[in-house]
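Trainee: Sequence:
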Amino acid sequence: MDWCDIAVLSSVLPITGYSTDRAVMNGDGEHSQTEQTESKQDGGGDTEQGEDPNEQEVIVIQDTGFTVKIQAPGTDTFDLQVSPQEMVQEIHQVLMDREDTCHRTCFSLQLDGNVLDNFAELKSIEGLQEGSLLKVVEEPYTVREARIHVRHIRDLLKSLDPSDAYNGVDCNSLSFLSVFTDGDLGESEKRKKKGSELEQIDCTPPEHILPGSKEHPLVPLQPQNKDWKPLQCLKVLTMSGWNPPPGNRKMHGDLMYLYIVTVEERHVSITASTRGFYLNQVQRHPFERIATPFQVYSWTAPQVDHAMDCVRAEDAYTSRLGYEEHIPGQTRDWNEELQTTRELGRKNLPERLLRERAIFKVHSDFAAAATRGAMAVIDGNVMAINPGEETRMQMFIWNNIFFSLGFDVRDHYRELGGDSAAHAAPTNDLNGVRAYGAVDVEGLYTLGTVVVDYRGYRVTAQSIIPGILEREQEQSVIYGSIDFGKTVVSHPKYLELLEKTSRPLKVHRHAVLNEKDEPVELCSSVECKGIIGNDGRHYILDLLRTFPPDLNFLPVEGEELPTECQQLGFPRQHRHRLACLRQELIEAFVEHRYKCLCVAASAGKEAEESIPGLAQVKELAHSLVTEDGFDPKSREVVVNACKAVGSISNTSFDIRFNPDIFSPGVRFSDDNTEDIKKQKQLLKDAGAFLVSCQIPSLVKDCLDHTALPMDGATLTEAFHQRGINVRYLGTVLEFIDKAPTRAQLDHVFRIGITELITRCAKHIFKTYLQGVELSALSVAVSHFLNCFLSSFPDVVAHLPVDELASRRKNRRRRNRVAGGGDNTAWASLTPSDLWRNIVSEAQEYYHFTLQCESVDQAVERYGLQKITLLREISLKAGIQVLLKEYNFDSRHKPSFTEEDILNIFPVVKHVNPKASDAFHFFQSGQAKVQQGFLKEGCELINEALNLFNNVYGAMHVEICACLRLLARLNYIMGDHPEALSNQQKAVLMSERVLGIEHPNTIQEYMHLALYCFANGQLSTALKLLYRARYLMLLVCGEDHPEMALLDSNIGLVLHGVMEYDLSLRFLENALLINSKYHGPRSLKVALSHHLVARVYESKAEFRSALQHEKEGYTIYKNQVGEAHEKTKESSEYLKYLTQQAVALQRTMNEIYKNGSNASIMPLKFTAPSMASVLEQLNVINGIIFIPLSQKDLENLKAEVQRRQQLQESGKNEEQLENSQLELEDKLPVD
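Counting in full-length UniProt numbering, the sequence shown runs from 1 upward without gaps.
These are calculated hints, taken from the structure and not from any lab test.
These numbers come from a predicted model, not from an experiment.
Among the hints, a few may not be true.
Pairs of lysine-lysine, PhoX-like flavour, derived with a Cα cap of 25 angstroms [to be verified]:
| id | residue 1 | residue 2 |
| --- | --- | --- |
| 1 | Lys-766 | Lys-866 |
| 2 | Lys-486 | Lys-678 |
| 3 | Lys-1128 | Lys-1117 |
| 4 | Lys-678 | Lys-700 |
| 5 | Lys-516 | Lys-677 |
| 6 | Lys-158 | Lys-69 |
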C-alpha cells in the first residue's frame, strides 16, 4: 500500500468564521444560504446551464494575459504581467507602488512614441502585444500634479506608521501577523529549517494564556515588534510661508514651495517646479499597505504622539470639512455614477466583470464619502438646507449627497412608533435597496444608500434623484403613496418593472383602494414610491416594507396567531410597527412549503407517506405533466396541493406575500375577502415557522457545532442566516435555558447574554450621547463605561470646566458634580441607574428577564468577562479606548478616565455589491472538491480568485475565503510552501478587512500554524497558536468548544518538541472541554484520551497512559463496534502500553533486587516523530489522508465516474424541473 494524494475531507470539526452554513470541505467557505438562493433567483435555472460557457470563456480570457516590458528613466527594463481588460491607469498605479519607480507620479506611458490614454483598456490599444516595450516618459508638473506628488510622498513615508489605521482614515487598518512570523513567511524557505534544532525553540507560552489563567490583559492585543522603531526620515514636511510663487518665479516654472526638516535637523526649502522633485521611501509586505475597500475601525489604540503633518492638516481643511465640496465642478455626481455603472453591458463575462468592478468601486467610494459627510453633519460642520428649523428636523446636502437624521419629523411615523420607527426605517429601507439591487432588473433604479450611526445619532445618506429638489413631493410621486396609503397612485411602467422583481422577492401583486374607493394595482408595499427623475430613469425609494410584517411583534386586534406562537407569549408589543421578516426567512419558508407541496401531491397520488426527497419531487413534477396534456386526476391533485400550501396559483407552486396586508390605513376591496384571508394566514404561518422550525434548528446547529458563534457578530450572523431577527434573542435564550442539553449550550447562552446586555447598553448609550456637547465627549463616554463596567460604586463625572463661568465664579471646585443645565444631565447617571435601565430594556425590548443589578452580579451569575463586555460595547458604539490594562475590579477608583477615550467612530451599514461570476466559480470549485476532484476544484478556485481580484481589487472578505480554501487544497495536494504563502495572505487579509481579533482571524491563525508546522517552522507555529489562544480568551473566554481544538493543536506541537508537562496542561484542558460540549461518550473525547495517553507514554507514566487509552477504547467499542479500525488501533496500542509497563516494572524490580549490578534491558522512550505529530494534527483539524492500494484506486475511480453520471442526470432533471414547475403554460387554466 502507498500513501496517495487522496484526502477525505471529513467534517470532524467544522470551521466557522463569518459564515456558518458552509458548503465546503470541513465547513470552509464563505457564503451563506441567502447568497446561494439569490444566485438561484437571479437567473432561475440559467446558472446551471450558463456555467459551462462561462468556464470556457474565463479560461480563454485568462490565457490571453500577456507580459510587457517597462522602461523607466534610471532603471533597468523589467517585465510586467498585464491582462487585456486592465486600463492603462492601472499600470500607472503599479509603477507608483513599485519600489524602484514609486518616486514618479507625473509621467505618461508611450508605445512606439505614441502616448497611451490613461482610461483606455489595454486590449483596445493597437500594436500592444506580448513583449511590447512601454516607455515611462516624465511629464511637466502642474500645481495639481505637484500636490498629488507631495501626498504620495507622505503616504510612502507613512506606509509604516500605524497612526492612520488607529484614526480609521484612508482605508488603513491594523495587522500584527508579521510580529509572530518575523516578517514574510515566504522568506522562510531561505532560512534553515528548524526541525532538527529543537533545543533552540523557546516554547513557553505567556502566563496569561495558560489554561485556567484568570488574567486577560488587553495590551498584548496589539503587540509591538521589539525591533520596531518609527521609521522617520522627515520631522516636518509642510507648505512654505513663501507660497504662492510671485509672478517672476511663476514665469520660471515655480509651482509652490515646501519646507522640510530632516531627522538630522537640516532645514531645507524645496521648490516644486514643472520639472519636478524626488524623495526616497520604504517597503513591507504589500498586503499590509493596500487600502481595504471599506474602512475598518480599531476599538483599541496605543497612546501616539501627535506629530506635525501639514499634508494631513491641509487635507483636513479642504477635502474633509466640505469647503471643497461646495465649489462647483469639484464634486462627484454620485447618483449619475451609481446609475451609469448599473447600465453597463452584461451580456458576456468581460462585460460583466467590467460592470461589477465599476459598481463595486463606486459603491465603496460612495460609502466613504457618505460616512465622512455624516460625521461632518453631526459634528456641526455642514450647513443645513433648512437652518431655521429645530435641529432634529434639519436636512443637509453635502458633496451631492442628501443627509437626514433618524427622528420622526412632522409626525410622519406617529402611528408606527414615532422616533423608534424613524430609527428602524432606514435599516429596513437599506435591506430593501439591497434586495432590489440583487435582483438587478434592467430599467429599475434605487438610490445609493448608507446608514451611519455616530455619536448617538442615526444619519441616512442618499444619492439625489435629478430634479427632485425642484418640485414638490406630491407632483413627483407617480407610483405608491406618500401618506401610508390614504392616497395611492399607480403607473403601468412601474407595474411592468416591479412585476419582474415580484417572483424573486415573493411580492404578491395586489389592489388597494384609493381615497375615491377605486382599486389601484400595486406590485410592492404602498410606501414604495416611484419617481421619474429629470434623467428619465424610473427610481423607487422608501423600500422599508419590502418584506412582509412580523406578526409575532405586531399585535392586531381580532387576529389570532397559531398556537405554537401563543405558547411562547406572542404576539408581543414592540417599540414600533415596522418589524418585518428577513429575506432569509422568506426563502427558508418557501423552501419548506415546497416540500409540503410535494408531500400533499404525493399523498394525493397515493405515493409514499413520508416526505419525499428532492429526487422524488422532481419525478413527481415530471409525472404531473404528460405529453398529451393532463389526466384529470393529476390536475385535481395539483390544485389541492397548491391550495394546501398557500400558493397564489392553483396550477403551479408560487408563494408570494402581500406586504400591505396588515398596514394601518390601507384598505382592500370587499371582493378580495377570500384572498385577503389566505394572505393573512400565510403570514401567520411564516411567523409560526420562525419560532417552531428556525429557532429550534439554530439551537440544534449550535448543539452539533455546525454553527459555532464566538462573539456577538458571529452569533448575529448565525441568527440572520436562518432568517431570525435579533429581536428574538430573548426567545432563543429562553429556549436554550430550558433545553435538556443546557450544559452543552453554555457557550451560546453566555455569548447570547453578553450580546443582550451590550445591545441594551448601546440603546441607552445612544440617547445618553445625544445630550453631550462635543467638548465633553471623552468625559461622558468614560463616565458611561465606568457606570457599565467598573466595580467602583461612587462613580462621579468630572465635568469639563467652562472657562468663562470659572472666571466669574472664582474658587469653585474644578470637579463640580453635575446638576443644572440641560447638556450636563448625562453626568447624573449612576451605575445602579444604568443597570436598572439595562434590566428593564432587556425585558421591554427582548422580553428576557436579566437577574442582575450590577456588572459584578452579571459577571458572577452568567460567567461573563468584563474585557469581553468592553470589546462588544466598543465595537457596537464605535468607541476607541486606550490600549492599557484596566482594573475593572477596584472598589477604590473608577476603571476609566477621560484620557482613556481616544475617539468615537461611525458604525456604518451599506450594500455590499457581489462579484457574481467569481462567486459561481467559487461554488463550482467547492462542489468539485467535495466530489474529490481536487485538481479541477483547485483550478476553478484559482479562477474565482482571479475574478474576485478583478472586481474587488486586492482586499476583500471573499478573497480571504478563496485564499483559505486554496491553501487547504495546496496542503492536501502536498504543496506545503504554496499552502503557507496563500494562508499567510488569508491571515493578513482577515486582520485587515475583518479586524485583528475577529473570530475568523483566529481561525486563519490556526490554519497558518498547521502549515507552518508541516513546513518545519515549529517555533512560528507555536507563536501563532499562542496568539490565537490569546485572542480567543479575549473574545469569548476559555469555556468554548473551539478552545478544545486550539488546545489540542498546541498540546500536539508541544508534544512534538518534547515539552511534555506543558503539552499535558493543554491536552487535558481540551479533554475537559470536549467532554463537556460533545458528551463524555463522543469520538472526539476518545481521540482526546488517546492524545493524552501518548504524552504520558512519552513521560514513561504508563499507568496514566493506560487509564486514558482504556477510556478511549471503551468509547470506540461502544460507538463503532469492535470490528472498526479505530477500535482495533486502540486495542493494539493498549497491548503495546501494557508491554511497556510490564517491561518498566521488571526493570524496577531488577534494580531493587540487584542494586547497581542489575543487568538492565534498555527501555525505549522515544520522542514522537514529527510525521506522527503531523498525522494527529491533520486528524484533529479534519484532514484525513487515506492509504490506498492500486485496487482501491481503481474502485474509487469507477465510483467517482458513476457519481458524475448520476449528477449529470440530476442536472437534466433539474432543468426539467425548472421548465415544469412553471406549470402555468402547460396546465389548463379555468
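Trainee: All hints, please: hold or fail.
Mentor: These are the hints, each one checked on the structure:
no.	hint	verdict
1	Lys-766 - Lys-866	holds (21 angstroms)
2	Lys-486 - Lys-678	holds (24 angstroms)
3	Lys-1128 - Lys-1117	holds (9 angstroms)
4	Lys-678 - Lys-700	violated (32 angstroms)
5	Lys-516 - Lys-677	holds (24 angstroms)
6	Lys-158 - Lys-69	violated (30 angstroms)
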